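Asker: Single-letter residue listing:
4 protein chains.
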Amino acid sequence: MIVVMKIGAPEAEVSRLGAEFEELGLSPEKIVGKTKTVIGLVGDTVDLDALQLQEMSPWIEQVLRVEKPYKRVSREYRHGEASEIAVSTPAGVVLFGEGCPIVTVAGPCSVENESMIVETAHRVKAAGAKFLRGGAFKPRTSPYAFQGHGESALGLLDAARQATGLGIITEVMDTADLDIVAAAADVVQVGARNMQNFSLLKKVGAQDKPVLLKRGMSATIEEWLMAAEYILAAGNPNVILCERGIRTFDRQYARNTLDLSVIPVLRSLTHLPIMIDPSHGTGKAEYVPAMAMAAIAAGTDSLMIEVHPNPAKALSDGPQSLTPDRFDRLMQELSVIGKAVDRWEAVPALA
Amino acid sequence: MIVVMKIGAPEAEVSRLGAEFEELGLSPEKIVGKTKTVIGLVGDTVDLDALQLQEMSPWIEQVLRVEKPYKRVSREYRHGEASEIAVSTPAGVVLFGEGCPIVTVAGPCSVENESMIVETAHRVKAAGAKFLRGGAFKPRTSPYAFQGHGESALGLLDAARQATGLGIITEVMDTADLDIVAAAADVVQVGARNMQNFSLLKKVGAQDKPVLLKRGMSATIEEWLMAAEYILAAGNPNVILCERGIRTFDRQYARNTLDLSVIPVLRSLTHLPIMIDPSHGTGKAEYVPAMAMAAIAAGTDSLMIEVHPNPAKALSDGPQSLTPDRFDRLMQELSVIGKAVDRWEAVPALA
Amino acid sequence: MIVVMKIGAPEAEVSRLGAEFEELGLSPEKIVGKTKTVIGLVGDTVDLDALQLQEMSPWIEQVLRVEKPYKRVSREYRHGEASEIAVSTPAGVVLFGEGCPIVTVAGPCSVENESMIVETAHRVKAAGAKFLRGGAFKPRTSPYAFQGHGESALGLLDAARQATGLGIITEVMDTADLDIVAAAADVVQVGARNMQNFSLLKKVGAQDKPVLLKRGMSATIEEWLMAAEYILAAGNPNVILCERGIRTFDRQYARNTLDLSVIPVLRSLTHLPIMIDPSHGTGKAEYVPAMAMAAIAAGTDSLMIEVHPNPAKALSDGPQSLTPDRFDRLMQELSVIGKAVDRWEAVPALA
Amino acid sequence: MIVVMKIGAPEAEVSRLGAEFEELGLSPEKIVGKTKTVIGLVGDTVDLDALQLQEMSPWIEQVLRVEKPYKRVSREYRHGEASEIAVSTPAGVVLFGEGCPIVTVAGPCSVENESMIVETAHRVKAAGAKFLRGGAFKPRTSPYAFQGHGESALGLLDAARQATGLGIITEVMDTADLDIVAAAADVVQVGARNMQNFSLLKKVGAQDKPVLLKRGMSATIEEWLMAAEYILAAGNPNVILCERGIRTFDRQYARNTLDLSVIPVLRSLTHLPIMIDPSHGTGKAEYVPAMAMAAIAAGTDSLMIEVHPNPAKALSDGPQSLTPDRFDRLMQELSVIGKAVDRWEAVPALA
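Here the protein sequences line up with chains L, W, B and F, keeping their order. Per the numbering used here, the very first residue in the first sequence carries number 1; after that it's consecutive. Per the numbering used here, the very first residue in the second sequence carries number 352; after that it's consecutive. Per the numbering used here, the very first residue in the third sequence carries number 703; after that it's consecutive. Per the numbering used here, the very first residue in the fourth sequence carries number 1054; after that it's consecutive.
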């Protein structure tokens, strides 16, 4: 349920109501929008009467029930207003959201060694990326495949961060590693295979860093939003939803089916920002540019693109990685669409 | 196999070779490209020796084997050059192809009566569409649902064609109806449910009107191209491939999953032009604009969009139809992206 | 809607009611069950009042609304009683149904020549099969693959029928071929790719031979039942539903995913008999026996199994075909399960 | 690679070879089969020459390369022989394997309170089950749904174990809980959503209790076997593979699509025992019996069936749970099929 306050409702009245709701056994959450304040109520609200609640204060404009199974992530919960997620990076705060310029995240699948990660970081930064991606802990289908360099790779990411000012996005696979990953990352990633690892969701929800939640390979949109709800319910409101391709009956040419229709669908269902990963979404470098262009035209807030200095020698995901040169050109191509839809930052960042 | 002729190869030499290939039991097909002529060979080519073929004429530049199971539709078969499909309409020839402006097809799911179809035709024409879509024969899941007005609806489409100069695209469901449908249509549509109705494919391949081949609900890209190959093998080279959403595990919010990654995939595999149908692809009018924008950015050659004067009262597919007013606005929005990628016709046609 | 008559309701009263319903613009259908007679009503029943109908005769026990979108195929339409479909064969009538012994259909994918089809017919007959399957018209993904011998193969099937007394099941792909196929077949098959070829469904519904309706590769159970409803609505009540594997994300080891859970699901939804085709369902001969055993244990009414005298040389579907020897052994194995569930014919037919 | 020793090869020779292989940087694993001993070699075997290895001892019969990406779980790794997994329970050792009687696991989705779990345990034991299932930690789509009673529920499972002698199977969701779950369970379950939680796989592989590995909702068979390989590679050879339904395009009647064809497929690919869970596989109690029957006929080694004293009031998965009475009847029905295929224990256990 949400309680929409009238414009100008005094702070004290909102607090008083919050206290009253707590006495009713609910968990009130204050959401300050651009013009109005909303109090979100989650808990056992089945027996509550909206009309009765409304009478609790003359400053209440409306009491609405959120009919969806996800509450805090629903667009209604913020009374229709999109979230803006502010992420601190050495080069300043970067905003993710419907009204913000498109944020580009780029980098290799895994952190292989210091020179490759620092070199890649410089290149993607120069091309306009705001974040560096790079796996320290890698989920691999085979136990005999390269599993990532683990904790030591986190140190290399930090070196790249210091060298470039880029924010860092890296994946956590195990609740036991959360502390060290969250210490190294500006955004903590939960991968597709762990989208319904509920223990992990609860724990990333109980720490402060923003979370990038990749959609599971065969997760419905509702399951994905429920996974995000786990994180919000645990106290962390800063979740970015990342589509990375779903599994369908055809995998001959593209590794996954990038589901771009999630963009308008999520926009109508949730206030959370949206990221598209065309690299995993297609699995093939040559298809990445077209899908990145399409994602922008469809309204994404952010892109994640794999870039590797030498894709042919990459320890993982080489076939879907762009070279730094191709990424440079791609950013030029993207800027054309980005400007057309008025979502491109006026002056590209300089390294 | 394809035989690439040198630039300037004399017409007579190409004909002579064609005759020789026929004597070898092959079906040679002359394809005149922008700079070179290619002779396509389909048949029992397994035992042919490329080197030996090459010696048949000094004007042969190269003999290449097409490794894919689809031959005539493969990009190699035209030595890498895209097809341009020219469709005659009362208002002139319209070209579909990679190097041409994006062609928009619009109209209602079914032809309901004369005034609605003529009114819609005028509206979509004014907004910039080149073709009117409208079903006379409708494939419906239930035998008790409206099945289309059949032959009489073909007459109404003709009235709309006369009134506006738009080309007509309408579906044929039964080989028995092919003659009357082909007489009324400028492009004959084979629907998703008939994509592997091989009898129908052979028969639309044996007539002259260009064919719009919709992708089957769970057809792989290879199966789709093989279906197109049936049409080309029967003699009709003019096939447009239309993606209209595939069936996946999630149908809660969107009716199908629009697979936009077919755009770069098809581009690399085939020379045939591509159309995207975001109306069937999403099943919901509110998601159509974002997906239409994305399709253009990804490189589609054409769009098919359902427009109905009163979606709430449509006899079929109302929820996915735009009003004429919304379609007007959409065409404005699309022109922004279309111009950004240099695929938008400079001056919209006037009726 | 269905009108359940009381036990002992006079024939004349049932007829009188039928006539009255026709006057109301409905299409009454008399269904004589084991103990009761039911009048099925399809048409515009939305505005009818069940109570008012009930007062039309003291012999009416109950008036019930069929809530499902499929009416005639629903189990309710026969007031819960399963259909028994009687098929004439040279060796006598064979019954398909929940209360009948399991019927086995066997034979090659396609009819290749007279000796192979007659030899196979003798072998499968000796092993206990009641029907011979064999394709004259073959739906093939590639236009360059063997398309079946067509009309001449129908003659060969007839030879095998005469020689063995087996019934014949063969596929019709085109409405134009229906007459000759129906003349040659004891059961006319509509293949998976044509499950939603509605023109074909209407036409097989308008002729007399029983119809085997294969499930489309990605058809939901509801769509499948709606396809059957097309046939019943056109006048032919004799439809057998055949599951032949659906398309899922995994095709590495089995070609399709045989969905055996349709057996209990269909049993609860429809009165029509069920057939399982483990050959197409798995695509691999070695998996066929386990799945055939499972189908019987799950309650199928019938099995379709591909048998070829020399699978390695088959013109189509060799990898999924059993040799006649393996089929002999399989029938022995099946009889063990068949007897355990009391669905195996006491004395196997002798050739 | 596997090194097959001749019959009668002396123990000392096998040990000597093992030591030599270790010196080559390989990880030799001795597998004692019914007649022969095999040495499995995993590691960097690409450059090894089979012929050269063969010359290392006259007692070597054959050296074979395992071509599949999964090594230790492949059937070849045990030279074609199936594993038998012996699980200790208070009532004695229970064997899972191709040559053993079918093992039935039954119980509620979650442990709700002491009386319900103990009562259910007594009932399923009396009907012939060998293991009690019951969730202490529950993966739930919604953060607001009942999450299981956690550690306290493990105590209740122990009470049921003491009271009945049944073995306990319960799920671990978090590496942090593994110690307490492994202490309480006779078999530790990894759920479908965690099938590719590689951190968890490594940790259950590094402890001693047998592991039940459920197939992920959209996991290919190869991915599933690779997940099992993680566990074996970490040192635990005792893995049971449990199919519980996959996600497909149709979820209207059954919650998942139970993929019974995995039984013959897995049988040919791996030596590990197979379990089928028709309760999750269909999601509906009325479909469970037919699918359990089918699973036995197809050759499963084990069944997992949800039983709840009062399904209508279950805190989770009520619709798919059988009552104890229905389970009694089911076990009678299953015994008919089980005896027909000679996989049913002669004398059912008495409580």
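Simulated from the structure, these hints should not be mistaken for lab results. Among the clues, some could well be false.
[Claimed, not checked] Examples of chain L residues lying across from chain W (beta carbon under 8 Å, computed):
no.	residue
1	S261
2	I263
3	V265
4	Y287
5	A290
6	S316
7	G318
8	Q332
9	V336
All figures in this text were calculated on a predicted structure; none of them were measured in a lab. All C-beta atoms in this analysis are idealised placements derived from N, C-alpha and C, irrespective of residue type, glycine included.
Asker: If a hint holds in the structure, say so; if it does not, say that too.
Answerer: Hint by hint, here is what the structure shows:
no., hint, result
1, S261, "5 Å, holds"
2, I263, "6 Å, holds"
3, V265, "5 Å, holds"
4, Y287, "4 Å, holds"
5, A290, "4 Å, holds"
6, S316, "21 Å, violated"
7, G318, "19 Å, violated"
8, Q332, "13 Å, violated"
9, V336, "5 Å, holds"
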